[in-house]
Structures are given as C-alpha cells and as structure tokens.
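A.B. asks: These are the residues of each chain, in order.
There are 2 protein chains.
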Amino acid sequence: MSYAIEPWQLRWQGLAVDQLHRTESTFALSNGHIGMRGTLEEGEPRGLPGTYLNGFHEQHQLPYGEKGYGYPEAGQTVVNVTDGKIIRLLVEDEPLDMRYGNAIEHERTLDFRSGTLRRRTLWESPTGRRVIVRSERLVSFTQRAVAAIRYEVEPMDDVQLVVQSDLLANEPIQSRSNDPRVAAALDSPLVNDFMTAEKTRAVLCHRTKASGLRMAAAMDHEIDVAGSSDVRTEIRAEDDLARFTAAADVAAGSSLKLTKYLGYGWSGKRSTPALRAQVEAALAGACQTGWDGLLAEQREFLDNFWQVADIEVDGDDQLQQAIRFALFHIIQAGARGETRAIPGKGLTGPGYDGHAFWDTEMFVLPVLTYTLPDAARDALRWRHSTLDAARDRAEVLGLKGAAFPWRSINGAECSAYWPAGTAAFHVSGDVAYATQQYLNATNDEDFDREEATEILVETARLWASLGHHDPHDGFRIDGVTGPDEYSAIVDNNVYTNLIAQQNLRAAADAAERNPGRTDATEDEIAAWRRAADAMAIPYDDMLRVHPQADNFTKHAEWDFENTPEDKYPLLLHFPYFDLYRKQVVKQADLVLAMHVRGDAFTAEEKARNFAYYEARTVRDSSLSAGTQAVLAAEVGHLDLAYDYLVEAAFTDLHDLHNNVNNGLHMASLAGSWTALVAGFGGMRDHGGELTFAPRLPDALTRFSFRMCFRGTRIAVEVREAEATYRIVDGAKLETRHHGEPITITADQPVTMPIPAAPRLERPALPFGREPRGR
Amino acid sequence: MSYAIEPWQLRWQGLAVDQLHRTESTFALSNGHIGMRGTLEEGEPRGLPGTYLNGFHEQHQLPYGEKGYGYPEAGQTVVNVTDGKIIRLLVEDEPLDMRYGNAIEHERTLDFRSGTLRRRTLWESPTGRRVIVRSERLVSFTQRAVAAIRYEVEPMDDVQLVVQSDLLANEPIQSRSNDPRVAAALDSPLVNDFMTAEKTRAVLCHRTKASGLRMAAAMDHEIDVAGSSDVRTEIRAEDDLARFTAAADVAAGSSLKLTKYLGYGWSGKRSTPALRAQVEAALAGACQTGWDGLLAEQREFLDNFWQVADIEVDGDDQLQQAIRFALFHIIQAGARGETRAIPGKGLTGPGYDGHAFWDTEMFVLPVLTYTLPDAARDALRWRHSTLDAARDRAEVLGLKGAAFPWRSINGAECSAYWPAGTAAFHVSGDVAYATQQYLNATNDEDFDREEATEILVETARLWASLGHHDPHDGFRIDGVTGPDEYSAIVDNNVYTNLIAQQNLRAAADAAERNPGRTDATEDEIAAWRRAADAMAIPYDDMLRVHPQADNFTKHAEWDFENTPEDKYPLLLHFPYFDLYRKQVVKQADLVLAMHVRGDAFTAEEKARNFAYYEARTVRDSSLSAGTQAVLAAEVGHLDLAYDYLVEAAFTDLHDLHNNVNNGLHMASLAGSWTALVAGFGGMRDHGGELTFAPRLPDALTRFSFRMCFRGTRIAVEVREAEATYRIVDGAKLETRHHGEPITITADQPVTMPIPAAPRLERPALPFGREPRGR
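As they're listed, the protein sequences go chains A and B. Each residue of the first sequence is one higher than the one before, starting from 1 at the first, in UniProt numbering. Each residue of the second sequence is one higher than the one before, starting from 1 at the first, in UniProt numbering.
Fair warning: there could be bad hints in the mix.
One copy or two, either will do: identical chains are not told apart, so a pair holds if it fits within one copy or between any two.
What the hints assert, rightly or not - Derived pair list, reagent style DSS-like, types lysine-lysine, alpha-carbon separation capped at 27 Å: (1) Lys-732 with Lys-567; (2) Lys-567 with Lys-67; (3) Lys-209 with Lys-732; (4) Lys-209 with Lys-67; (5) Lys-257 with Lys-199; (6) Lys-606 with Lys-567; (7) Lys-400 with Lys-567; (8) Lys-269 with Lys-209; (9) Lys-269 with Lys-732; (10) Lys-400 with Lys-67; (11) Lys-67 with Lys-257; (12) Lys-567 with Lys-199.
For the record, the hints were derived by calculation from the structure and aren't laboratory data.
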C-alpha cells in the first residue's frame, strides 16, 4: 500500500492502520506557527497525535552521570498542545472508529495547491449503517493563528448523528524518554488557567509547569443539517476539555455539515486574559472570512508560491510528486514562523524534541531564500533574537561574540553531549552563511542594518577567539566538531574553517558597510581579515586530497565489507570512540564544504576529494544525500547524482530512516530541491554572484525550476542539449551559464547549449551503501 | 592546629571539631579488606562516618541526557557498611559528646609501628564530672576479617558508667550525589537478612538492594571493671542495630575496660548462613588470639614491613614523618586486598565512589612491587580475575583482547563520560606495565604462567586491534585519551603508544616463554612485534620537542597570566572543550612517559621536553607531582624535584586539594615514595635491569631507602658525595650506579661517588602554579 502518484497531491487510498504513524507525518499541516499532525478527526486509531505551536515547550533537567563545567542544565521539549482537530461522530449508537465496522472506502489527500488535507470515508458501522464522511482541514497561511476543518457526514440510511468537537489538553501519549524525570515533566505538561464555553464557542487557557509559558486555544462552530432545523447543540468546558456537541436526525442522502474554526496563541510574557483575547480575535477574523474565504486565501497564497518556486520534472512522475511534496512541506515549515525557529522536523512531529539545528540555515534556508525570502529573513530574525543567549553561551565557554546552540527551541543550548553538540561551533558560521546568502539574494538593506551586521560581527568574534595564529600552519581552529557526526573534537575541520573564513570576511565587509551598527574597531576588523587570510586548510600531500580535518586521512579505514546492513545506522551499533577514530563519514562534510565554498577548491581537487569521500560516506544522516547529489553532478557523475536526488526526495515518503513517525526531515526535503537546483541546475552563489551550470540526467527528458534573486523571478528550463533562462517577473539578470556570462532580460529569454558532461566512472561507495529511494 | 612532627607516628592534639573531616581520613585504619575511617568511638561529632569492605558496593543506573552505544548502564558505589566502631559512653546521666562539656585534654595518635590508632581524652561533663577515656583500635593485618578496639574509661569521681557498643547499619549520611536516583539507591542501601544477639556477641547480616551482595558483621566483647564484679550487661539486635550494653558503678581512679572484637565478611555468592558462620569463625579466632595477641601480631607484621621498606630522611623531620605516613597508608591499602582492587582512595573514604583507576598500577603497585611484592601480585590477580569483564568490554567496543575499565569496583566499566573514561585505553597498558614490572622484580614463575601471560596477551591483542599501520606514520593509535585529562580523544598519545609498545613486546616474550599458556599464534606474535617496531611517536621538528599527542604543540597556549588562583582546578571553571584544545596539561603525561619509558628518550630530549611541559602543567591532579619530581631530578633540577616531593608528600596531610575528607590520595602518597626512590634515588627498571643514579638534594643531609628485588633486600644510603649500596638479606645484586656497573654482595657493601649534578636554571612554571606543600 502506498501513495498514488499524482503531480499536485499526495493521496493514500485504503485504511492501513499500521501505516498511520507514517501518514500522520506526511499529511501534517502547518503554517510555521501552528502544526497539526494528520491524525484522523475521531482521534483514534492513531500513531502519535500531535498539535504544536512553534516555540511552545516544556523544560526539564538534563541528567549527567558525570557533570562538567558549562554543561547545559535545562533541556527543552516541544509540547503536544491542546488538540483542536478532534471531531467525533456517533452513528446511531455506534462511535465511528475505523478499527470497527467496515471502511468500505477511505482515502486521504494532501493537496499542494489548495493547501488542505481532505478525507473521504465510506464507513459501515458494526450494525450495518453506512455513512460517507468528508473532511477538509487547513492551517491558514494567511491568518497565522487560525486553522479550520470542514466536516461533513452523509448517511445512507435515516440515522441519528451526534457530532462532538473537542479541544483536548494533556492528551495521553506514551513517553518518549527513558529518563523518568523527563517523562514526568512531559506527562500532562499543561496546567489549566482558564476555561469558558458559550453557545458554539469555547476557550481553554493553559500554562506549562516548569517553563511557565502560556497558551490559549479556542474553537467556534457552524453547523448545518440540510433539510432540518432540529439540531440540538450544547457546549461545555472542563480543565482539559472543551466539547461542542450537535445531535440531529439526518435523512438518508441528506447531510450534516460542521465547520470548525480554531484559534491558537501562546506567549512567555502575555497574561492569560491577553492570550484569551488574542485567540478570540483570531476566531472572529476566521469566522468573518468564513470557510470558503479561508480556502480561497490559502489557494492564492500557494498559487503565488508555486509561481516563484515550482519545479517541473519530465520523465519521472514519482519524483515530480516528491519534489512538490518537499517544497510544500518546506513552505509549511517556514511560511509564518516569524522570529521562531524552523525545527528539524518542522511542526510535523516531536522528533529531536522539537529542536532546531544547523539544518535550518544550511539546508532549509537556501530554499526559502530563493523562493520565499521573507520566510528566510524571519527565521534569521529568530537567530538574531537569540543573540543574547548566544553571547551568554560564548561567555560561559570562555569565548567572545556569540555561540549559537547546537540544538534549541528558545535559543539556549540543550545538547547534553558536548562533543557532538557545543563543539560543533560551525553552527554559528552556518547562521552567518545563511545571513550572508539571504543578504546577497535580496539586497535587504533594512535587515542588513538591523540584524545581519550584528549577527555577522558577533559570529566573527567567536571565530577570532576560537582560533589562533600558530607558527606551524597559520590560523588554526582546534578541538571542534564538523558536520560529520562520526568525527568529533578535531583540529582544522575544513568545512568549519572555510565557513569561518567566509564569516570573518563577511563581518569585516558588513562592519565597514554599516559602521554605525557595530562597535567593531578597525583593529578588530583587520584581525578578522588577517585570520581569514591565514586560515589553515589541511591537505594530504601523499594522497592528494583534503583531509576533512587534521589527520583524518591517516586514520584507520572502516571495515565496510564486514558491516552488514542491519548494523546501520552505525551509531546504534558501534561506540562513538570507534566511529571517531576511523575514516567513516556519517554525512557530507568535506563534500558540503566543496558545495558551499566551492570557490576554495579546484575542479581537480573536487573530483579527487569527491571520489575519496564517496568511498567512506555511509549517509546515516538524512542531511547527506542532497549535498552528495550536488557534488556528484558538478564533477560529472550525473547518474549517481540522480540516485542521490531520489534518495533525498523519498526519505520521508518511503520512510528510509524508519522514523518518519517522529516527523518529516526538513533538511532532506530541502535537500531534494538543492539536488535539483544546485545539482542538476548547477546554481551557485559564491561571492554573491549567481551562476548556473545545468545538465540533464539521463533519467529525465526535461526539468525546470524557478527562483527569485534580488526581486527578479526567473525560470530555468533544462533539456538535454540546451538550457533556457527566462525572466518571469522583474528586472534583467546578469549570470553565467557554465562559466559563460549571459544577460537575461524580461523580453529576451536566453537559450544556451549545454557542454557534454565528462562521463566518469561511478565512484566506489561503501559496501551496501548504494543510494536508496525506490 | 596541626599534626605534631614525630618520626613514627601522626599525632593530633586538641579537639578541632571542624578538622574532623580531615583527621577521619588520615587516621583511617585498613588492611585492604576492611577499612574504618577515624571517627570518634562515640560516633559524633563527625565529618563523614565510613566503614568499608573492599569490593562491597551498590549498583545504580547511570543517567545520560543523550545516550550512546556501549555506554555503561550501571554505576557502582562503595557502601558504608555496618559500623562496628561505635562505643558510646554515659557518665552518670550525661552522654560523652565532645561538643558538650569540656575536652580538657584530647589527642589521637596513628602509630606506624604498632599499626593502631590511639586516643586519650580527659573530658569534663557539663555537670562537672571528669573521666579519662583511652581507646586503641586496629584493623588486623594478620587476621584479615578482624578489627578490634580496646576502650578504657577511668573516672575521676565515683560515677555510674554505661557503655554501649553498637553494630549500626544504614547510618544516615548526607547524599553525595545530585542525581535523585543515585541518592535513592544509596540511601539506606542495606536490607537486613539475619540478626542474632546472645550474651556478649551479636551478628547482623545484610544485603544490598540492587547489586545483591551479602555481608555480615559480628562483634564480641570482654568487659572488665577493676575492683567490681557488679557489671550489668545486656545485648539485643534489631534489623539495623545490635547493641551490647554494660553498666557499672566505677570508683574514682578505678577503670572500666571494654575490648570489642569485630568480624566482617561479604560475598556475592555465599549464602547468609555461610557468611554468618564466616564472621563468627573470625571472631572466635580473634577472641582466642586476644587483644594483646592481636597487638603483637600487628607489630610483627609492621616490623617486617619497615625492615624491607623504610625510608630515612635526614634534615627534614616533617618530610620524614610524611614519607612514613605515606608508606603506612599504602601498606594499609594493599596488604590484604587479595584479588580485590586497590581503590583510588584505598578504604579511607568514599571519594571517586570507591572506584579503582589506573592509579593502582602506575603509582601504587611500583611501591608494593618493591616493598611487599605479594600485595602487588594480589592486586594484579584482581585484574586477572576481571579479564572476562574486560574481554566483554573489548567486544562491545569492537576490539579484540581485553579492555580494562577506566573506573570500577567489580571490573565492569563505570565511567559515564567516555572521552575521559573508556577512551583512556592506556589503563590496559598500565596493567600490563605493572604486570611486567612485578614479574621482573620477583621472577614469580607461578604468576607468570597462571596470570601474567594471559594479562599480557589479552592487552596486546587490544593494542593490535586498536591501532593500525598507516602509510603516513607507521603504527598509529588514534582517538584515545592519555594520562593528561585536559586533553582527550587524541591521536598518537606518546605515553599510550610507548606503553603499548612495551606491552606488545612483553606479550610476545611471554607467549614465547609460556607457549602452553596462550592460544597466541606465531603470526599474531610476529604482528605484535611488527606493530611495536613501527609504533608512531610524533615529534615536532620546529620546536624540537615531543608533542604529547599529534598536534599538541600546535594548539593555542593557555592564558596563565589571566587565570587567577581561584580558577583552579581548571576543570571546575572552564569547559572541557576549552581545556582540550589548548596546551594546558593537568598532570604529567609526556613526562610520565619519560619516567616509565625513559629508555625511549635521549637525555637531551628529556631536558627539552621537561622544560616545555613544565611551563604548561598545572597539577590539578594529585597524580602529577611525584612524576614531575622524578624527571626534575633526572634532568638536574634537584631543588624543583624536592619541591615536588614535598607537594606529593603533603597532599593529604595538608589537604592541598581540599578534599581529603573524601579519603586519602593513594597515588599521591605513593608518588612521594617514587619521588624519593626513583627521583633522588634514580631507581629505574627499564628492560628489566635495576639501576640507580642517586643524588642528594640541598635540603637533606642524607637519605636512605630500602627495597627488595628478586628476593634480595637492599638498602641504599645517599649522602652528598657518595652512595652506599648494602645487601640487607639475600643474594648479591648486579646493578648500575649512574651508569656504571656494580656488584653488591652480602658481605660487601659498595660505596660509589656521586657525580655532580648539572646545576640548571629552574624552568618556568605556569603563573601561580609553583609547588605547594608547606
């Protein structure tokens, strides 16, 4: 059982209770502020229910067998908030439950253009009564605090129907922690502060016990029973439950239609009455817009998005669907986050405790920067809003400037294992990278002045204090962990050093560009440039490759031949110490450096390095395939690049990591865009210059992608022998095609021939680690 | 207030309640099997009570904020067992409590020759009645399961005296853990299995809740009131208390004399009835020997020991006392351990949870090997008895052979922080080193066949699987942690590699010597020799020193000038990441390599390396000073060596690390022996050859030391210009004096001139880190 292959939607036919944990994630709706997993309206059966408000979390103590100075004491975990999705149905005296009776027909469809999740179920109750249930659900892109559900029941016999629409707080869910204190902190995390219910409307306000955050959820309803005015309704509220009930006799072929409007809000500062007012206002707005109005706004928002961002893939329908699925979820994760983080799982599940990582800046934001730049800006504003926490963290660590956290919800470091957490200082360089990339792609001067310069300067200060000039090698950055999590606490990680180099230079430029916006001195700026110029980049003269960090290429090789498939991911079957000391790479590290700092490598170095690391990279991380696709395409392994694109694109749809129940992998979804646009499209932005080097893989007959750059929307169409660049909207664009300068104007598309790719032999991969995906 | 300076005892005059936490440790008695802290008989006031049975521990779950494969799940903590030291006194209606009334005279004396702790107190009760209380306590070296106390009260008025002698289980003590689960596991850890009390004798049997170990404690009494037969006694037992009570009217000038015999035993296998029988048998033996007999045996044992091991120091009485104090506690820790570990604190306190570390093999065992070799052998037999656990651990880690634990009570790894625990693989090489050293010093062929060969072979297998031949540098051992805990997860730690090299060669020799005792193949043996010959030893050609590991000398320098004294120990004020990436050394590492593998360095290298590391070593570990003394003396800094000797010798007596309340630092006590014998005596045993290179520091007029080697007991006496070597007992000895071969025979002492020491400039030490001690 699987998804139907259709270009603009994701449809699952049939019930498959044992697959609900997957579809709840893939069918999740979100606008970046509210997230709702794709659970059935009736609440059960279910895999893992989940309703999330971006940033709303509970705190708990982090346990340590042996403590160390500077270890974070408080962990944060996303909270499953008051569930407003629930609409239960009683058909005569039988509750609708798909595990009982007979689901004669059942399908659910996530529509990438309407931005809704639809359901159609023909159910026969255990006593033989049949009803058709249709629902459509949305989390509004246009009204940030609003979600809505249209729920329609059409009986095939004359029956009494009772519909119960709930707000349910403290839903019982199985603990995901094996630490009893953490489990206790997250068992019934919400404490009621306020409740009210009147007519069709109810509000519940809660707060968390330890983090002290407050939230409010409200619902209002419209009920319409065709051909009947005898509908009996009631509403009530308790501490953890508000319930609107409607009962009516409905004739065969007639229908009961319930429209449920939901308003959500939370705050760490505002009072309960203020939050109540906020959600009631949101509800009033939603009701005034009405269901049809919300649907229309939703579609318009998405029409606009697809116009800027759509990717067409000819020759692989399944990939076409997967790419749009990916873009749809990226936009859901980022659209209305507004100074909140974009978590690793978006708002699709509780994986990684709801934390945001560097994934945001290095994988998700490039997509948003070139498709919905305001969303990228808002995510960077979240980082900017956490600068105080990052400065505090740097101070605890004995450093200057700002050290952004490895994992966090509110900006405070939550990593309980510092070698793979705090030591991964590249996260601060990644934030700077994304900041610089956004600036360059938008020329957003306000952001440059108000936020970007401070981010760049504070992160540059971090590097200046973290590294040192050494007589042996130049400016060294020692004792850090790069992207590859199968190495840790290494010296001169090439990725880190190159990201730091760019960071230092970008900060120097920004400080000189906006002298009033920073207290950086001339000496400080000069020191940044000096450090950048002297940056140590290790090179192995014997093997003629870049070690991903000092000594890497001297380490023992991993015994791939004797590592069977069931020993992957390796970190679940081998100790860190063994992974760290050997040449086994979890995810693109030096290869990622060759993508984002491709300007620092020659073509020959790229080819040699790529082959070297391909043979040692196991892709136990979902972050890797997209990046490997990019470099594979660049050095000329188009088939391999295509395989990696497929792996990235199907990571969640085919549950390649067996954990999609915890939420979607935003970075992997984004990686499929990157594989296509930066991989086969050859899009690069080194030094601020946008360039392309497209090539068509054998598997496709054509592909096209769209993006915006400094206000200009462009479309690139790639065929086997030529590529066409077209302005969709905006001014002309100067760019390069395979190195050759071209100018595209609004009325003058440019078509260029594509040079033949070097047909290289496919590099050796570790035993058993061929790309997956189909 | 301080200790009186006397050559053969440690005496504290006056009460000083606020110093009890110190004197409880320094006055602790132990035979390596039973340990009793020096608490007052009446139980209170107290710092931290403690009675320990070597190996008797409770288990608890180790918590992790983020788990990793192979992390140990169970922690172990030494348990404060049933306290048999307690003897309470009621003088008329006033309990003797030193916090009330008036301690007119009070002194306690640890006697290094009698092996007892004596007390004399003249106490005036709040109501003005005076008594003299005298006690003497011993933990028997000759009867392993036995301790005894003589308690004598002499009233200065006619009074009624009531004496209560207890066995008290589950003594309430403040939790030392901030993890509630660990604290819970150790709060009242003992569960009663059996109790009995009859006449003057009582037995309590308990078991631990989680580890399921069983123990028994028994007491018997003799009571004697001079000039009175009217003594009323009673005895009773409850779950956690057995109490013998004696009441008598005692005339002024007369006395009440109570002799308490204690028997202790524990087992993980034997039943409660068997344990009861065991302690009752021990008691019967003790009573039969009697108090005077126990005293006589104790003195004879120690007379023998001092005859082999005594050190005389002329010109520094305080140091003389400190050195004998050190030797006395080393012998207490090791004498009767018998296939149990020698914990880092001996049995003097609960520090480090009662765990044994590599301290045993590299610091304590060299002393025992050359003074009480059977004790060294027994400690190595403990390691041998844990080989199965070490093999299991190696297998979990993906390695061959045996990986001994970083910290443990029963042989299973208990370190919850692997970069400073499991990664410190040198511990396995240290066990091999001590094994080889013992073999060489004793020619113990039984041990060679039965235990040593297996230890050497299994540890060699570890190295063979942990390292690899690399085209760049030879046989590399990557990703390990050396002795210096301010570095971790490094490549080619010189100490580790040199210890491994010796281990590999020793295993090859042992396997060839005892071919029937190992399944090692010829190929395997050849591979060990090949790895040893190719061992990578990094060297910095620019600075002309050995980096303690790859890259060390390229790391940033620590800013010592801006690190005030209150920021030490650094690990409590700076994050590991910062310590790890900089050139700051907690404890001798490369310098330790230059001591134990001095054959691998030239004299010039030693001098340059020593100066380099002196400037970067902060001695936040008590393991360091002794080793620094050895190398300082070797390269010619005699004054500095003396300062380090003083620091090592007074670590506990002057509580230099502010934690003597948790127990004594066995390695530091041992380090004072090493500083003297290997430092000023220049004793080395490289390649199995015993050699000397004595030199007298300016601060002394003469010193002498004794040791045994292959059954021959020798004495070395060192004066300014010459040294005399004398056979005390046994055959002739071939050795070297400052490189010159000499032969000492039973009737022919040899006196040799001492070449003048090079008078070198004192090397620079880190700001504020001069040796302490007085």
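A.B. asks: Now, for every hint given, state plainly whether the structure supports it.
C.D. replies: Hint-by-hint comparison with the structure:
With identical chains, the CA atoms of Lys-732 and Lys-567 are never at most 27 Å apart, being 53 Å at best within one copy and 61 Å at best between copies. Proximity of Lys-567 to Lys-67 under the C-alpha cut-off of 27 Å is restricted to the inter-copy arrangement: shortest distance 17 Å between copies versus 31 Å within a copy. Neither within a single protomer nor between protomers do Lys-209 and Lys-732 lie at most 27 Å apart by alpha-carbon distance, with minima of 55 Å and 78 Å respectively. Taking identical chains as interchangeable, the C-alpha atoms of Lys-209 and Lys-67 lie at most 27 Å apart whether they share a chain (25 Å) or sit on different chains (26 Å).
Taking the closest pair of Cα atoms, Lys-257 and Lys-199 come within 27 Å of each other only inside a single copy of the chain (17 Å); across copies the shortest separation is 89 Å, beyond that limit. Taking the shortest Cα distances, Lys-606 and Lys-567 never come within 27 Å of each other, neither inside one copy (30 Å) nor across copies (47 Å). When the C-alpha separation of Lys-400 and Lys-567 is checked against a cutoff of 27 Å, the pair qualifies only between copies, where the shortest distance is 19 Å, while the shortest distance within a copy is 41 Å. In this assembly of identical chains, Lys-269 and Lys-209 lie within 27 Å of each other by CA distance solely inside one copy; the values are 15 Å within and 47 Å between copies.
In this assembly of identical chains, the alpha carbons of Lys-269 and Lys-732 never lie at most 27 Å apart, being 46 Å within a copy and 85 Å across copies at closest. When the C-alpha separation of Lys-400 and Lys-67 is checked against a cutoff of 27 Å, the pair qualifies only within one copy, where the shortest distance is 24 Å, while the shortest distance between copies is 30 Å. When the C-alpha separation of Lys-67 and Lys-257 is checked against a cutoff of 27 Å, the pair qualifies neither within a copy, at 58 Å, nor between copies, at 49 Å. In this assembly of identical chains, the alpha carbons of Lys-567 and Lys-199 never lie at most 27 Å apart, being 58 Å within a copy and 65 Å across copies at closest.
Going down the numbered hints, you'll see the structure goes against 1, 3, 6, 9, 11, 12, while the others check out.
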